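Each of the two chains sits in its own frame; use the hints to bring them together as a complex.
Quick mapping for you: the protein sequence lines, in order, are chains D and P.
Take our numbering: the final residue in the first sequence is number 754, and no numbers are missing along the way.
Take our numbering: the final residue in the second sequence is number 344, and no numbers are missing along the way.
Hints are computed from structural coordinates only; laboratory data are not their basis.
Hints are supplied without guarantee of correctness; some may be wrong.
What the hints assert, rightly or not - Below 16 Å or equal to it, Euclidean Cα-Cα: the simulated EDC-like pairs (lysine to aspartate or glutamate) are:
1) Lys78/P <-> Asp720/D
2) Lys588/D <-> Asp172/P
3) Lys407/D <-> Glu384/D
In this text the structure is predicted, and so the values were computed from the model without any measurement.
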Amino acid sequence: MTNKSITRRGVLKSGAVTGAGLFLPTIFTASSAAAYTNEPTGGSVTLGFNVPQTGPYAEEGNDELLAQQLAVEHLNGEGDGGCLNTFTSKVLKGNGILGKKVEFVTGDTQTKSDAARASAKSMIEKDGAIMINGGSSSGVAVAVQGLCQEAGVIFMAGLTHANDTTGKDKKANGFRHFFNAYMSGAALAPVLAAEMGNERRAYHLTADYNWGWTQEESIVASTEALGWETVNTVKTPLASTDFSSYITPVLNSGADVLVLNHYGGNMVNSLTNAIQFGLLDKVANGKDFKIVVPLYSELMAAGAGENIKGVLGSMNWNWQLQDEGTKAFVKSFGEKYGKPPSNSAQTCYAQVLLYADACERAGTFNPCGVVEALEDFEFDGLGNGPTWYRGADHQCFKDVLVVRGNENPTNAYDTLEIVEITPRAQVEYDPEHPMFKGGSLGECNPGA
Amino acid sequence: MDAILLQILNGLDKGSAYALIALGLTLIFGTLGVVNFAHGALFMIGAFCAVTLQKLMNLSFETIDESQTDFLGNPLKVETPYVEAWFGPETGATIIDWSVPLAILFAIPIMLAVGYVMERGLIKHFYKRPHADQILVTFGLAIVLQEIVKYFFGANPIQTPAPDALSGSIDLGTMIGFDPNAIIYPIWRLVYFGFAVAIIGAVFSFLQFTTFGMVVRAGMADRETVGLLGINIDRRFTIMFGIAAAVAGLAGVMYGPLNPPNYHMGMDFLVLSFVVVVVGGMGSLPGAVLAGFLLGILESFASTTWATTTIPGINQIIIYLVAIIVLLTRPRGLMGRKGVMEE
Numbered sequence: 307m308t309n310k311s312i313t314r315r316g317v318l319k320s321g322a323v324t325g326a327g328l329f330l331p332t333i334f335t336a337s338s339a340a341a342y343t344n345e346p347t348g349g350s351v352t353l354g355f356n357v358p359q360t361g362p363y364a365e366e367g368n369d370e371l372l373a374q375q376l377a378v379e380h381l382n383g384e385g386d387g388g389c390l391n392t393f394t395s396k397v398l399k400g401n402g403i404l405g406k407k408v409e410f411v412t413g414d415t416q417t418k419s420d421a422a423r424a425s426a427k428s429m430i431e432k433d434g435a436i437m438i439n440g441g442s443s444s445g446v447a448v449a450v451q452g453l454c455q456e457a458g459v460i461f462m463a464g465l466t467h468a469n470d471t472t473g474k475d476k477k478a479n480g481f482r483h484f485f486n487a488y489m490s491g492a493a494l495a496p497v498l499a500a501e502m503g504n505e506r507r508a509y510h511l512t513a514d515y516n517w518g519w520t521q522e523e524s525i526v527a528s529t530e531a532l533g534w535e536t537v538n539t540v541k542t543p544l545a546s547t548d549f550s551s552y553i554t555p556v557l558n559s560g561a562d563v564l565v566l567n568h569y570g571g572n573m574v575n576s577l578t579n580a581i582q583f584g585l586l587d588k589v590a591n592g593k594d595f596k597i598v599v600p601l602y603s604e605l606m607a608a609g610a611g612e613n614i615k616g617v618l619g620s621m622n623w624n625w626q627l628q629d630e631g632t633k634a635f636v637k638s639f640g641e642k643y644g645k646p647p648s649n650s651a652q653t654c655y656a657q658v659l660l661y662a663d664a665c666e667r668a669g670t671f672n673p674c675g676v677v678e679a680l681e682d683f684e685f686d687g688l689g690n691g692p693t694w695y696r697g698a699d700h701q702c703f704k705d706v707l708v709v710r711g712n713e714n715p716t717n718a719y720d721t722l723e724i725v726e727i728t729p730r731a732q733v734e735y736d737p738e739h740p741m742f743k744g745g746s747l748g749e750c751n752p753g754a
Numbered sequence: 002m003d004a005i006l007l008q009i010l011n012g013l014d015k016g017s018a019y020a021l022i023a024l025g026l027t028l029i030f031g032t033l034g035v036v037n038f039a040h041g042a043l044f045m046i047g048a049f050c051a052v053t054l055q056k057l058m059n060l061s062f063e064t065i066d067e068s069q070t071d072f073l074g075n076p077l078k079v080e081t082p083y084v085e086a087w088f089g090p091e092t093g094a095t096i097i098d099w100s101v102p103l104a105i106l107f108a109i110p111i112m113l114a115v116g117y118v119m120e121r122g123l124i125k126h127f128y129k130r131p132h133a134d135q136i137l138v139t140f141g142l143a144i145v146l147q148e149i150v151k152y153f154f155g156a157n158p159i160q161t162p163a164p165d166a167l168s169g170s171i172d173l174g175t176m177i178g179f180d181p182n183a184i185i186y187p188i189w190r191l192v193y194f195g196f197a198v199a200i201i202g203a204v205f206s207f208l209q210f211t212t213f214g215m216v217v218r219a220g221m222a223d224r225e226t227v228g229l230l231g232i233n234i235d236r237r238f239t240i241m242f243g244i245a246a247a248v249a250g251l252a253g254v255m256y257g258p259l260n261p262p263n264y265h266m267g268m269d270f271l272v273l274s275f276v277v278v279v280v281g282g283m284g285s286l287p288g289a290v291l292a293g294f295l296l297g298i299l300e301s302f303a304s305t306t307w308a309t310t311t312i313p314g315i316n317q318i319i320i321y322l323v324a325i326i327v328l329l330t331r332p333r334g335l336m337g338r339k340g341v342m343e344e
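Looking at chain P on its own, in the form it has when it is part of the complex (with noise of 0.2 Å):
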């Protein structure tokens, strides 16, 4: 029972991964009808805002140590956070360690920015060409981008620790009635998932709940009619291509103490999450949340010894496996409606 609970953990885990970036996808095909393959791309940013903000906090200013040597035998050269010298060593410290967090209020205008500038220089002009121009466009900027972070910040991955008082690991188990020890998890894998549940509420509060989400949803539903009475729905969807790109990014910061950040994770999760779109249902925002957690799980329970050892590669094949099935019994996804991606 413990070793199920945790695998639901788990999946719940790499579901809001994938549930936040199909979100941002889903968002977009909806409201432009572009389909984004530079959304890894931006959920890879998202994690070198984190990355850029630590080494900004840790920029230093150099002393040398006499009484110390380097690997050549000369005097050390002791390297102190300009954080540090300006607000003490404890407080300086405690700013740094907590890099992760305040990254967030770091990326989100720089995501709105990355997603408005990416939206109006490029994307739009590919609106009313084929998806499959929209797909080697996007594709093509997605490689782009990641060979831009790869060149200011080289190929290995760069630790982003989560902040001390959130490192480690908790014992749910005895939460929970279970013995001590037969349920530990991460914290920050606990604190994760509960921000990628507020992103995604926040998301659908935002379309339900404000005049803004309102005339986005009727844009969605008939961008013609809703063009016809006047309102400038363009620009509702660019913002909106903002905000998709913000909550990939926003999933980037907070996914990088989990596996640290390097060039090439957008591109890891990019398949993915189509698959993810694709099950969810196309232009669906709860199909996408939905389909997210529910192939993270499967995909859990694929990698357990008991599974890979009863069919040996299913924790390779589980999600194409599951989207197969899916796309025979329900061609349109879990929750997609007809007409979209339809002639």
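The following block holds chain D by itself, in its conformation from the complex (with noise of 0.2 Å):
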């Protein structure tokens, strides 16, 4: 009679063995199979939404995650459709994405670099996500492309409006539908030009990170264009939360206009105190002191409450707009939700209707498909007339909103009135304009 004993480490051992075994064949067959990161295999595709959900820009990505939701509802064909009824390309049908029903996850990104690329991740690698659409912030957006790219997955950026995102920092697997810094600069100049004149003279305060630098960039140049003088440009601290110290230099600088390159709580703080200082009561150099915010969200507008009235912006869309596509995403959402959609929220819809359209007119889920169908892409019905998906750049190319503080609101939406719809045309620039020079899309990178 042999004695085989049976131990717990030799039972460990084994089962190793054995499953190492049957599982290899099987790591072959799915890595030889799988053609890009994340190919879908079974009746359904996962899309990740990756906002802030928590941090100051939660209700912004709130907002955006209420309209990507939105956007996956249409493409499954329930609800009214939205934009599937207005939208040139005929492609989408309520059926999925090839097919596919379409389904998602969601990640936090805090609007921090870092704990964004571990959201986008997470999607990518756990939950199996095929394309990563959001956010709120352009050094979010500049690290979560790179971090797609090498992952070989789509990115579709949410707010992000430095130059940067599709200038040094493009990247191929990125695309951007939202304005940027350059763009508010063109739009803004001639109105500027046409309501305060030729000759005045400006001081800037610009929250010193990568985004107020290219602002600030961006509208020094088209403003000293217009024969505008720029007196100072002081650059104020990410977190600071008072603005009195840096308002008061500018009562007795010389300077007849303030421009505020702040964004979120910095720009409500300060333009609440440069209000508080009465600048806009002031007279300068014989004329109306003025203030201008050249990029304005309506979430932020709703925080600086009565303050904003008459300051000049810009913005890449606005739910007042009567463009049809508009027309049709505001009632879908407002009907949903009961208010009308931010201009953060519209891009990460459009951003997630034109990267199904893109799987359709591709025929297939490879990002370099998709790429391939998005680069030079013409299509309309999504919001702001005819559009255009730059493939030198993956910059959309659109009209631009000039917008202003409503004097006289009606309700608690219409805190900014559109001043003027800036044609395409004026916004555009050569993909080697200087401000956006350096860096290369490269190559699409499929993953896998």
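In structure tokens, the structure reads:
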């Protein structure tokens, strides 16, 4: 009689060897069959929505998330279809993407680059997300765009306004529907000239980080081209909460225009402080003093309250536009959520539809096919009129809005009024423009 | 000269908030020996007392106005505050307009209660624990409190404007012999400074001229001996915690019109206020007030164009630079006493 004792260690060893033996062919099968990262194999495809769900931009992120959920509903044939009815490309039929039901997972960027990369990585690696969409910061967009390029998935940026996103940091797998700082300057300049004249002296307060610098550079260039003089450009720490000590030097600087290159809480506080110090009641150089906030959002406008009355700025899109795409989206969003969408929500909604449409036209989820379908794609019906996704830098070109804080709002949502719809041609620029030079798209990466 | 005066005023204004928060921090540290990292959250809760009162006063009933439409083209729902319906449009609007000053009355009992509950419910269990444990638990509490506020009020800043009569700015320059428009200053910022001076004066008077205050000061100097005299010093210290919470809360209520409250505002002030306490001297109430105003003024001057062009980035480091210099030259801070936080 043999005495073969069974030990725990022995069982574990045998199990591990057997398991590895059985699993090995599967690994090879999977890797050899997958032509690109997270190729969908079942009846569904998963999109990753990476937005700030906590932190100072949580409300903006929440609005983006609502819009993206709405886009998924429309892609799956639920709801009223929204912009599927107005989009000039007619390949989306409300049966998902390439016949696969659209599902989504969400991540929290916290408006921090490292957290945003971690959540995007998790959605790609653990949840099998085929693309990443959304976000509310240029720093985050550049960081996640780099990650998606390495991972071999498509990145559709949300609210990112720095020139660098489609300038020196552009990537083949990344696309930006939102406008940028150069476009803000190009759109605002003629309105500033018409309303304030060509002999103005501007004082800039600028948030001391990449987005602030590129916006300052863009606005200085466009206003100096008008004949304006730049009196001073002062960088303010991002963590500033009170701007009184930055505002008071403006009073006696000889400037007659204050440009606030601030966003979010910075913008709300610096504008509030500027109004407190009576800048808009002041007369300098024989002219009424003016304030300009080059980048507006509806949520920040609400935060600034009455202080924005009469203050000019620019936007990517606004729910008050009267084109058919805008009306369809506002109706869908408004009826579902009881409020009009913000411009970052609109961008995120449009990006989901554009990605789905590109997959349908390419006949594949392969990122390289999607890139090819999106490059130099011309469309209409998603808001802002005829739109072009330029192949050279993956920047979207469409009309840009110049808006003003509404003097007499009739409800909680019309805090901004549209002053001018600047035609697309006026905000276009050469891909090799000095503000965008450096970096290259590189090759699309399908991953896997 | 006018630019210098403006920066001094700005500094006094910033210093008012620093001094009020640091005063409360020092009161708690001096009495209970607790390093309270949740003190910034108390400042934030105070500001949200004003937000809450403003929302309560704006509670409205809806009527349908067929002549106007909303963003979807449906008949517009017009909201009328109950206050305006009860007291008439003009009186009602005036009451709403004065919601921030009225919030002082609203905030005092709330902040006293919050302070009492915080001390009895959590912090008292950490009296005999190391300072590191106290910092961790109070910092955790601060995060919990701000997340609760964010849950109910959202992440966006909420405007709590000053009453119309105290909005806008005045020409201070003409009052002191300068040219017109040389020194224009917002009225509410002057109100805030005056309010801070009044609160600081009230706290010092309370401690100096009342029996209760005398016992508290005695307890701060020698808790054991006061206890041996049969005085329940713990109860008095708990009340002092409530008073410190109320001081931070009132600083927050009045700060709202300067910069719209958001859930994170407490954290923005927390680290700076600790620096103020350390520079002033741990446990020294006059030191906290002095350092608050001093650092506020220095921070203001460091933000001027001249300073930032001469030494780039000085505006971001000035407070910490001063803290290093003070601690190197006067390790106990400007007015610190021997034996406080020392073995």
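Hint numbers contradicted by this structure
none
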